[in-house]
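Undergrad: So the sequence lines, in the order shown, correspond to chains A and B.
The first sequence begins at 1 in our numbering and counts up by one.
The second sequence begins at 1 in our numbering and counts up by one.
Calculated directly from the structure, the hints in this document are not laboratory data.
Just so you know, not all the hints are guaranteed correct.
[As the list claims (entries may be wrong)] As a list, the in silico DSS-like pairs of lysine-lysine whose alpha-carbon atoms are at most 27 Å apart: (1) B:Lys294 <-> B:Lys384; (2) B:Lys469 <-> B:Lys238; (3) B:Lys469 <-> B:Lys539; (4) B:Lys469 <-> B:Lys10; (5) B:Lys755 <-> B:Lys442; (6) A:Lys128 <-> B:Lys635; (7) A:Lys128 <-> B:Lys426; (8) B:Lys685 <-> A:Lys128; (9) B:Lys226 <-> B:Lys77; (10) A:Lys128 <-> B:Lys442; (11) B:Lys384 <-> B:Lys755; (12) B:Lys677 <-> B:Lys151.
[Said to hold, decoys possible] Only some residues are given here: those of chain B computed to face chain A with a beta carbon under 10 Å: (13) Arg11; (14) Leu31; (15) Gln195; (16) Asn647; (17) Gly658.
All C-beta atoms in this analysis are idealised placements derived from N, C-alpha and C, irrespective of residue type, glycine included.
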Amino acid sequence: MRRIACTFLVNGVTHELLVDTNALLSEVLQDDLGLMGVHVGCGTGDCGACTVLVDGLPMLSCSTLAVTVRGKEITTVEGLSNGAQLHPIQEAFVEHGALQCGYCTPGMLLASKRLLDVNPSPSREDVKGFLAGHLCRCTGYNKIIDAVVDAAERGE
Amino acid sequence: MDEGLTVVGKRLVAVDAFAKVTGRAEYCTNLRLPQMLVGKVLRSPHAHARVVKVDGSKAEVLPGVRAIVTHKDVPRKVYTYNVMTYQLPEGEIQDMYLFDHKVRYIGDPVAAVAAVNEEVANEALRLIEVEYEALPAVFTVEEAVKSGVEKIHDFAEGNTPVPATPVFCYGDAEKGMKEADAVVGGTFSTSKQIQAGLEPACAIADFQNGRLTVWSQTQLPHMARKMLAHLFDLPESKVRVIQPFAGTGFGAGTDLCCEPYCCALAIKAGAPVKVLYSRSEDFSNRITREHICKIDMHVGVMLDGTPLALKAKYTGDAGAYMCKTASGCGVALASNITEYEFESMHQEIEAMYTNHLACGAMRGFGGMQSTFVREVVVDEACEKIGMDPVEFRMKYHRGVGGLGWFPGTEISSCGLDECLRVGAEKIKWQERKALPKDGVRKRGMGVACMGWLSGAQPMLLEHTNAILKFNEDGGCSLFVSPGNMGQGILGTLAQIAAEVLGIDYTDVNVIYGDTDLTAFDIGTHASRGVYCIGRAVQKAAQQARAQILDRASAILGAPVEQLVIKDKQVHVKNEPERTATFLQISQTCIYNYEKDCKQIVAHATLEPTEFAPPWQAGFAEVEVDTETGVVDVIKWITVHDIGKAINPIQVEGQLEGGTAQGIGFALFEDTVITHGKVLSDGFDKYRVPSTLDMPDHEALLVELGDPTGPFGAKSVGESGLFLQAPAIANAIYDAVGARIRDLPMTPERVLRALKEKVAV
Numbered sequence: 001m002r003r004i005a006c007t008f009l010v011n012g013v014t015h016e017l018l019v020d021t022n023a024l025l026s027e028v029l030q031d032d033l034g035l036m037g038v039h040v041g042c043g044t045g046d047c048g049a050c051t052v053l054v055d056g057l058p059m060l061s062c063s064t065l066a067v068t069v070r071g072k073e074i075t076t077v078e079g080l081s082n083g084a085q086l087h088p089i090q091e092a093f094v095e096h097g098a099l100q101c102g103y104c105t106p107g108m109l110l111a112s113k114r115l116l117d118v119n120p121s122p123s124r125e126d127v128k129g130f131l132a133g134h135l136c137r138c139t140g141y142n143k144i145i146d147a148v149v150d151a152a153e154r155g156e
Numbered sequence: 001m002d003e004g005l006t007v008v009g010k011r012l013v014a015v016d017a018f019a020k021v022t023g024r025a026e027y028c029t030n031l032r033l034p035q036m037l038v039g040k041v042l043r044s045p046h047a048h049a050r051v052v053k054v055d056g057s058k059a060e061v062l063p064g065v066r067a068i069v070t071h072k073d074v075p076r077k078v079y080t081y082n083v084m085t086y087q088l089p090e091g092e093i094q095d096m097y098l099f100d101h102k103v104r105y106i107g108d109p110v111a112a113v114a115a116v117n118e119e120v121a122n123e124a125l126r127l128i129e130v131e132y133e134a135l136p137a138v139f140t141v142e143e144a145v146k147s148g149v150e151k152i153h154d155f156a157e158g159n160t161p162v163p164a165t166p167v168f169c170y171g172d173a174e175k176g177m178k179e180a181d182a183v184v185g186g187t188f189s190t191s192k193q194i195q196a197g198l199e200p201a202c203a204i205a206d207f208q209n210g211r212l213t214v215w216s217q218t219q220l221p222h223m224a225r226k227m228l229a230h231l232f233d234l235p236e237s238k239v240r241v242i243q244p245f246a247g248t249g250f251g252a253g254t255d256l257c258c259e260p261y262c263c264a265l266a267i268k269a270g271a272p273v274k275v276l277y278s279r280s281e282d283f284s285n286r287i288t289r290e291h292i293c294k295i296d297m298h299v300g301v302m303l304d305g306t307p308l309a310l311k312a313k314y315t316g317d318a319g320a321y322m323c324k325t326a327s328g329c330g331v332a333l334a335s336n337i338t339e340y341e342f343e344s345m346h347q348e349i350e351a352m353y354t355n356h357l358a359c360g361a362m363r364g365f366g367g368m369q370s371t372f373v374r375e376v377v378v379d380e381a382c383e384k385i386g387m388d389p390v391e392f393r394m395k396y397h398r399g400v401g402g403l404g405w406f407p408g409t410e411i412s413s414c415g416l417d418e419c420l421r422v423g424a425e426k427i428k429w430q431e432r433k434a435l436p437k438d439g440v441r442k443r444g445m446g447v448a449c450m451g452w453l454s455g456a457q458p459m460l461l462e463h464t465n466a467i468l469k470f471n472e473d474g475g476c477s478l479f480v481s482p483g484n485m486g487q488g489i490l491g492t493l494a495q496i497a498a499e500v501l502g503i504d505y506t507d508v509n510v511i512y513g514d515t516d517l518t519a520f521d522i523g524t525h526a527s528r529g530v531y532c533i534g535r536a537v538q539k540a541a542q543q544a545r546a547q548i549l550d551r552a553s554a555i556l557g558a559p560v561e562q563l564v565i566k567d568k569q570v571h572v573k574n575e576p577e578r579t580a581t582f583l584q585i586s587q588t589c590i591y592n593y594e595k596d597c598k599q600i601v602a603h604a605t606l607e608p609t610e611f612a613p614p615w616q617a618g619f620a621e622v623e624v625d626t627e628t629g630v631v632d633v634i635k636w637i638t639v640h641d642i643g644k645a646i647n648p649i650q651v652e653g654q655l656e657g658g659t660a661q662g663i664g665f666a667l668f669e670d671t672v673i674t675h676g677k678v679l680s681d682g683f684d685k686y687r688v689p690s691t692l693d694m695p696d697h698e699a700l701l702v703e704l705g706d707p708t709g710p711f712g713a714k715s716v717g718e719s720g721l722f723l724q725a726p727a728i729a730n731a732i733y734d735a736v737g738a739r740i741r742d743l744p745m746t747p748e749r750v751l752r753a754l755k756e757k758v759a760v
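If we strip away everything but chain A, and leave its shape as in the complex, we get (with noise of 0.2 Å):
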């Protein structure tokens, strides 16, 4: 197995690591860094848990070589907090009971950070287009919609 020296900005911090190739983005994440809130409910891409944002994209880092994101912006659920400051989104999940146990909860911040990116004012159907991706067992989805739709009209 080799390693290969990357360069990650995760979080707006600058990471220089020894990266196994084979070693998966999710496994950097929690097992380099310590970011916790990486969450792997499948490993085999199917569930959006452990979604990441890399350079603004939504990705499955449990499905994603770290080698193949060297020198690219990372984002997790660690970096959408401003310290003590929640993001509106997280806001808007908190307020609106959009989780239950918590896990595919990092993902679903994410990737409702993207949808908010690209389209500010989303109508129901298009967070649930968007969210498709991301299973939740605990909500019936209704809440999180609510909260998303929500934290567009607070101007994100």
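With chain A held as given, fit chain B onto it using these hints.
TA: Positioned in the frame of chain A, the structure of chain B alone reads:
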């Protein structure tokens, strides 16, 4: 009844939401301990075989391997994953051994390894040599009972540990069926649903100074502790179970899963070990919903609807171990008693072993299956006698004082009429005949209803404790021990305490999730959290309130009867200037320099006995594509008799989430097992509803109060997912005139039913 309530009934945010949106929540899967090893389980490739030899000597010497455990390393003790066995004096069937001499399903553990990393652990698994002597296997209950078939467990003749047994029968059902104007019914089948929480199965164990600490996804921490103590020959006090946040539940946490393997490894390795199942391993080995594979049910009614008799038989495919199959069948039976005023009932349960993955429990335990069948059969009966299905239900459901599930129990409250009325109006039930029935896509509407329970008392032990401790600032800590899967129980219990004490719910710091810190509790199952634990919290808060008033009485020089608590202050009635703040009172309890220290600590124990059923009506409007068999749910409405919603956001959340699981159960969720191998071992093969599978749906609450519940509250935890399958089945019939008796109602089954209908 909302009069004067300041905290209860309010839409407050969940106390643990902040940790969950910021990525700071600790789960078993993301917890790391110093020197923690990776644990892996070696599994049987055979569905049924004798284990002749297990040799870990080659694996043991692999650098980086810290422990190999086989049957030689653990006490040979009979046990069961089903820790609820402790809730009955006689217990339930225990038929498991850790690394037994026989394997009984594909995946049955034969050994486990702990190593410094995953690569080494996987290599070690490959180096363990196992010699099997394959045995014939059976995969259906019909095959299992054939004469001459290999026994799966020595004690179970004919692979039938539970032969057909009548339970809780009353009246003369034979006579009722003969006298009935109409008898309808048939044979139904239901699927082996998977709980499918997003967090895979995971546990961590550590053994230090003779004490075993286990981080677990359990919903029943104290009983999990008891079973693990038993399994490893330790006193309960030497075992500590910690529950981090769980990204799963839905009943999965009422059984053990990876804990036994993890503990065996940690004890041998002398270091913390994490066992984390892959998704495929989780779906193939975490025991599933109780699989009541076959239900025969008939009802006899008079032309005016009078329900004379109900006969039913529930057959469970237990799989390799009994775990919760027998109790699941029992609950199917018991929960069927409460819904309608049948004059007689004869019901039987039976359960067989097969070489399938065993069954645990899933939300709606047992009642899912009997409710589906009963509500479809009742729909058939209504059609036969020409009665509106909503009218039948309003007229013949049981009410206050009626039969509860368990002999001697009575229904304490019933808001079902209101649920039916609200739901029928909302979905426009009266206009259903006008739904389009021409063309390829036909519309229909269906209804179903049910009554569930708020804890399984008095049949099962439902012992609960709550402790409240006041600090010197007037804030308090509440020590309770529910399972916390994110259902909102922590904040809800805080609201109950805060309401009694006249403080904010943020003043109540809820301590849970550690058997060393909390007093005993059964935990979370049978929708008992708010009703059972909530009542204990209410009682403890009342005791603490009395202590506060006593202390205030001394400070203010006024009798307790004249004192009023408001806004964290105690004042004398009609004399607001004579006031003692909670801060003052609490300080005199703790920093009292007059030799009068006594911290306010209250402890309440509760063993509820009452039967307080939540009721529910569910309405579906569907569109059936008669060319493809695809059923689209257009609209779903749940109306739930909650008694009193302590926190409506959480109650709605439970119901809406239940709707998703219920739609999955109704239309597509199915564990596919071929020759004992679980084929549907991922989210790509076992379909869990996504946003796109969800119709326009809403959950409405009926709050008429219950005389026994805390502030009138009944349960909601399991209630959300019962009615989708029967109401959708009834709606399909309304749309296309075909009865579906098998779940899930896949396009293939719908097309087959349409074809059979044409053939008739």
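Undergrad: Each of the hints needs a verdict: does it hold here or not?
TA: Cross-check of the supplied hints:
Straight-line distance between C-alpha atoms of lysine 294 (chain B) and lysine 384 (chain B) comes to about 24 Å, which keeps the hinted pair within the 27 Å bound. In summary, the hint linking lysine 469 (chain B) to lysine 238 (chain B) is supported, as the alpha carbons are separated by about 25 Å, within the 27 Å threshold. This hinted pair checks out: lysine 469 (chain B) and lysine 539 (chain B) have alpha carbons roughly 13 Å apart, not beyond 27 Å. This hinted pair checks out: lysine 469 (chain B) and lysine 10 (chain B) have alpha carbons roughly 24 Å apart, not beyond 27 Å.
Among the hinted pairs, lysine 755 (chain B) with lysine 442 (chain B) is consistent with the structure: their alpha-carbon atoms are about 16 Å apart, no more than 27 Å. The straight-line distance between the Cα atoms of lysine 128 (chain A) and lysine 635 (chain B) is roughly 16 Å, inside the 27 Å bound, and the hint therefore holds. Restraint check for lysine 128 (chain A) and lysine 426 (chain B): the C-alpha separation of about 24 Å stays at or below 27 Å, so the hint holds. At roughly 21 Å between alpha-carbon atoms, lysine 685 (chain B) and lysine 128 (chain A) fall within 27 Å of each other, so this suggested pair holds.
This hinted pair checks out: lysine 226 (chain B) and lysine 77 (chain B) have alpha carbons roughly 14 Å apart, not beyond 27 Å. The straight-line distance between the Cα atoms of lysine 128 (chain A) and lysine 442 (chain B) is roughly 25 Å, inside the 27 Å bound, and the hint therefore holds. As the CA atoms of lysine 384 (chain B) and lysine 755 (chain B) are separated by approximately 22 Å, the hinted pair is consistent with the 27 Å bound. Under the criterion of a C-alpha separation no larger than 27 Å, the hint pairing lysine 677 (chain B) with lysine 151 (chain B) is consistent with the structure, at around 20 Å.
With a cut of 10 Å, the hint placing arginine 11 (chain B) at the interface with chain A holds, because the nearest CB-to-CB distance is about 8 Å. Annotation: interface hint on leucine 31 (chain B) holds; nearest CB of chain A at approximately 8 Å, less than 10 Å. Interface restraint check for glutamine 195 (chain B): the shortest CB-CB distance to chain A comes to about 8 Å, inside 10 Å, so the restraint holds. For asparagine 647 (chain B), the shortest C-beta to C-beta distance to chain A is roughly 9 Å, which falls under 10 Å, so the interface hint holds.
Below 10 Å, beta-carbon pairs count as interface contacts, and glycine 658 (chain B) has one with chain A at about 7 Å; its hint therefore holds.
When the structure is compared with the earlier hints, no violation turns up for any of them.
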